[in-house]
Every structure is written in C-alpha cells, then in structure tokens.
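These protein sequences, in sequence, are chains A and B.
With the working numbering applied, the first sequence corresponds to residues 54 to 314, in that order.
With the working numbering applied, the second sequence corresponds to residues 5 to 345, in that order.
No lab work stands behind these hints: they were computed from the structure.
Careful: at least some of the hints might be erroneous.
What the hints assert, rightly or not - Derived CB-CB ranges, DEER-like:
#1 A/Trp157 - B/Glu197: 39 to 49 Å
#2 B/Pro102 - A/Gly192: 44 to 54 Å
#3 A/Ala97 - B/Ser45: 33 to 43 Å
#4 B/Ala87 - A/Asp78: 26 to 36 Å
#5 A/Leu161 - B/Ser45: 17 to 27 Å
Using N, Cα and C, we set each Cβ at its ideal position, and we do this for glycine too.
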Amino acid sequence: MRRYGPAVLLALTGAAVLRISLFGDLYLRYVQPGLRPYLIVSGAVLVLLAVVTTATTARAAREAAGEDRGFERDLGPAPDDRPADDHAPDHAHTHGPAGPRFAWLLTLPALALLLFPPPALGSYSAEREAAQRAAQGVGTFPALPSGDPVELTLAEFGSRAVHDSGRSLTGRTVRLTGFVTRDDDGAWYVNRLQVSCCAADATTGKAEIRGFGAPPADTWVTVTGTWHPEGALGSDAAWPPVLDATDVRRVEQPANPYEKR
Amino acid sequence: MDDQRVVTGRTVADVVRLAVRALVHVVLGGTALLTIATVVSVLGPTLALDLYTPAVAAWWTVFTAVVVQGVPFLLLGTVVSAAIGAFVPERVFRRLLPRNQALAVPVAGAAGVVLPGCECASVPVAGSLMRRGVAPAAALAFLLSAPAINPVVLVATSIAFPGQPAMVGARLVASLAAAVVMGWLWARFGKDEWLRLPRTRTAPEASSRGWAGFVAGLRHDFLHAGGFLVVGAGAAAAFNIAVPRSVLDVFTDSAWLSVLLLAVLAVVLCVCSEADAFVAASLSGFSPTARLAFMVVGPMVDLKLIALQTGTFGRAFAVRFASVTWVVAVASSVLVGWWLL
Chain A
54 MRRYGPAVLL ALTGAAVLRI SLFGDLYLRY VQPGLRPYLI VSGAVLVLLA VVTTATTARA
114 AREAAGEDRG FERDLGPAPD DRPADDHAPD HAHTHGPAGP RFAWLLTLPA LALLLFPPPA
174 LGSYSAEREA AQRAAQGVGT FPALPSGDPV ELTLAEFGSR AVHDSGRSLT GRTVRLTGFV
234 TRDDDGAWYV NRLQVSCCAA DATTGKAEIR GFGAPPADTW VTVTGTWHPE GALGSDAAWP
294 PVLDATDVRR VEQPANPYEK R
Chain B
5 MDDQRVVTGR TVADVVRLAV RALVHVVLGG TALLTIATVV SVLGPTLALD LYTPAVAAWW
65 TVFTAVVVQG VPFLLLGTVV SAAIGAFVPE RVFRRLLPRN QALAVPVAGA AGVVLPGCEC
125 ASVPVAGSLM RRGVAPAAAL AFLLSAPAIN PVVLVATSIA FPGQPAMVGA RLVASLAAAV
185 VMGWLWARFG KDEWLRLPRT RTAPEASSRG WAGFVAGLRH DFLHAGGFLV VGAGAAAAFN
245 IAVPRSVLDV FTDSAWLSVL LLAVLAVVLC VCSEADAFVA ASLSGFSPTA RLAFMVVGPM
305 VDLKLIALQT GTFGRAFAVR FASVTWVVAV ASSVLVGWWL L
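All chains should be modelled from the sequences, with the hints used to inform the complete structure.
Put into structure tokens, the structure is as follows:
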C-alpha cells in the first residue's frame, strides 16, 4: 500500500484546494479573491497528477512483480541493482517508494481544509494588531460616489476621516460593514481586516461607533451614520475615526470577510 | 508442465498471501480507527474547547492561509523545474550562459525577471537548474533575484507606494545587487559539498526524460517542497501570532535599529513577495530605507524559504546561505537606500 502514498497525498491536497475554491467561497477566509483561478487550476492539476501517478504506480508494480518472479532465483535479491523506475526515486536523500517523508505533513492542512476549515480572522487579530493608518499624508481625495447612504470600506472611511483636507465625508450618510470589538470602558468599534495576498498580511481598519449600545464582540453589523470629526487632520487624536450611528443592524458574515487593499 | 504447475502454485500462494495480508490490515486498521474515534468523541469536545483559544484559532487560520497561498506558486515552480529537467537539454544552458562564472552570475540574476511568482516558486527551479549543469553560483543568483524583481512584484510595489517610483527602482537595484553579490561570493568561497542535490537526476536515464520524467519530477518536487512549505507556514504563523505589531513602535526612533528590526521582521513574518510591499507601506512609522530592507530581505530569507531550501539543498547549505544572504541583503538595502531614497 505504501507505494500509493504519493498518489493519496496528491489527491488529498488537490481535493482540499478544490473544495475551498471550486466548491464554495471558503478560500476567501485565507487568500484574496484574485487567487481563485490559480487555486482551481492547481487543484485540478494535483488531482490529475494523482490519477496519472496511480496508473503508473500500478503498471510499474505489475511489471516489477513479473520481473521478480522471473529473475529472483537467478540473480538473487538485489533490489538496488534493478533499473530505476520512476516509482522508486533513488535520490541521494533518504526516502523510500512512499515518497519524501516530509511530504506527509501536507495531510495536516489538507485534512483541516476538508474536515474543519479554520475560521476567518476576527476580533482577536483586530485587537492584537495596532490598527494601521493609511500611509499617505494629508491631501485631497476624489469625490465620494453618489448614493445615500454611501457604502464605504472601513479602510476608505478611515483614510478620508484622517487625511482628507477636502473633508469629503462632511454631511454625507455612510454605511460600514464589519465585526464588533469592545473596549473595557464601554466604547465599541466596527472592524474589518484588510488582506492583500493572504491572511498572514492582514491589517486592521476600524471606526468607533457612538449613539448605540455595543453588540456582543465578533457579531457582524452594518452601521449607518454620519462622520463625527475629532482632532486635527493627520494627528493621532483623529484616529480612530468616529461615526455617530443612526442605525445598527446585525448581518451575516459576508462571503469575503476581508477588504481588498 | 512442471514449470507451469509451479507457476500456478506460486500464483495461488500469492493470492492467498495477499488476501491474508489485506485482512490483517483491515482488522488492525479498523480496530485502531475505532479506538481513535471512541477516544476522540469522548474526550474531544472538552479538550477541544480548552485548547481552541482565539490565539490557536488565529494560528490555525494563518497557517492554512500561508499554505493555501503557497500551493499555486509552488506548483508553478515545480512545473517549470520539472519541465527544465525533462525537456531542456543541458547544452541550452551552456549556450545561453557565459562560460565565465563571474559573467554568468549577473546574467542569471537578471534572468530572474522572467519567473512571475513568489519565492516558493524559485527554490525548485534553482534546484532543477543545478541538476541541469548550470553553475551553482548562477543558479543561486537566479534563486535570490527571481522572487524580488519580476514584473508582478514590481507592479505590486508601485501600487503600494503610489507616487514613489524611487522605491520601485531602489527595490530592483538593491535586490539584484544582493543576488549578484551572493552569486559571486558562492563562486569564490562556496563549497559543493555543502549542497546536497539529488545527484542521480544528472545522469541521463531513460525515465528522467520526456513525459514520464516530467510527471515523476513534478510529483517528487511538489511533494517534497510541499512538506517543507507546511513546516515554514507553521513557523510563520507562530511568529505572526506571537509578535504583536505594536512592539514595532518602540524601535522606530533609531534609524539603524529600525533597519535591523524590519530585516528581522521580514524573516519571521514570511509575507509573500507579491504582498510584502503592502505590508511595508503600512509600516508607516519607519524610514524608507528600513522599509526597503523589509522588501529586499523578505523574498531572499524567511522561515518558509529556509525550510524549503533545507528540503531542496540540505541543512548545511541552508544555514550558511541564509545567514550570509541576510547580511548582504541588509547591506545592499542600506547602500541603495542612502543613494536613491
């Protein structure tokens, strides 16, 4: 059975990748949306490779069995002298026909994705990371899109609130969607993590919500309200931005829990 | 007649032996599975609730994310490396690269532009180039430059630093310089016995060429590197969870310390080279040179890469190479940062 190890591993890995990318939106918990086609192609290639590997392994096993029967008694058991066939790579590093030993570690993420997909990052990560402010200095921004209320990402709301000398948020009703974190002193925030490649590079965007009681931590909410200016533009006092809420509504976690940077 | 009977007898004996073995496997495996399932279902829920703290959940997610994100690039790298091994004859590289090693190194470094991937892809490709007879010094220059100077990464850098084309230029120059210097250092001081390559592949066997060789090489390289990617992802996730970014604020005041700090951070965070520019841009309290060091060191030395290099080239190589590369990359970013930024 051991010689089918590589095929099983490839099939497991491929199935795990396809499960999160082709058969659902789970991949959005781990990587950014643009990676989906590459994930689907990778999963398909891995499954195909598993099929080809199974076929060649089975054929090589049959041939090897035939060889053994014919030559065993004449040549004596000398497996090392047998011509290398590709199911038994005779490399300088040590591994048997079951393939590289380290490769079995791949079963860990593969089975995790197939059986218990890890959750999206939430309030734990948002509270741990010092919230990142957009890197640019104070300047003007392009006009906000029309719409009342206007849907904004937390990243955009934050950078306009702190850095926009044109104060484009003034007088506009905005709508933000994110998950809840709470301070000990009763203040609460709506947060969204920004991911540019995978969840390992997540940074936090957040806004303080006033005028409504705090929902439990980690619930997803859509908040409608108006910007409450605080502190001088670009100063530390202007962060985090504040929203005077007129409406707070619980929502399901969106398919993509992160914002694209 | 006798022969035939012997053969038939052997076949029957084979079948019986196989059936018995299969039965034993099923019984043993079934018992083991039943035991595990019982223990897990009884103890599991309480134990899982105790162990599954938010920190563990976040580790789990980041670990999975690094692996998922690495798989397509690793597969791209192993497809290229297996294709080189199976279809490209050695004389092609002999003709493309200057015979003089000192000249071959910068040519190979600049050739890194053509591999549009992150660092996971370049390790198997470099291994395959060496097996195809490319001088290790040139292959290593390619290994270091490819993830840092390809068009995808440079475009990402220009998006992350809008209005600062100097940052893109500095990254290109500093990464290429560090890669070429490392290639020259290897040509002058490197010892081949530090490298542990699968030597048999250089021998022109029938099975290592053509489609059969392509499939065998692809399978072997992907599984081997994949296992080490998992090790690296686990370490990266652990540091990602253990090092709060607020610690960084302590060090932003000193120019020298901040360069060194971000160079260390690049090693432990293992951000993919296509995304590290965005992380660097968000580290707004640091000097441009320190952020440049983050982007130059990251694609060349990080935990995930050290794990991959250990798997492909051996531990003796990975330790020496990674530490010297770190020093050269930091020096290169400081010099280029002082010149261009």
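Quick rundown of the hints versus the structure:
Checking the proposed 39 to 49 Å range against A/Trp157 and B/Glu197 shows it is violated: the Cβ atoms sit about 29 Å from each other. Judged by the Cβ atoms, the range 44 to 54 Å given for B/Pro102 and A/Gly192 holds: they are separated by roughly 49 Å. Checked against the hint of 33 to 43 Å, the pair A/Ala97 and B/Ser45 passes, with Cβ atoms roughly 35 Å apart. One distance hint, 26 to 36 Å for the beta-carbon pair B/Ala87 and A/Asp78, holds here, with the actual separation near 33 Å.
Taken as a hint, the range 17 to 27 Å holds for the pair A/Leu161 and B/Ser45, whose Cβ atoms sit roughly 21 Å apart.
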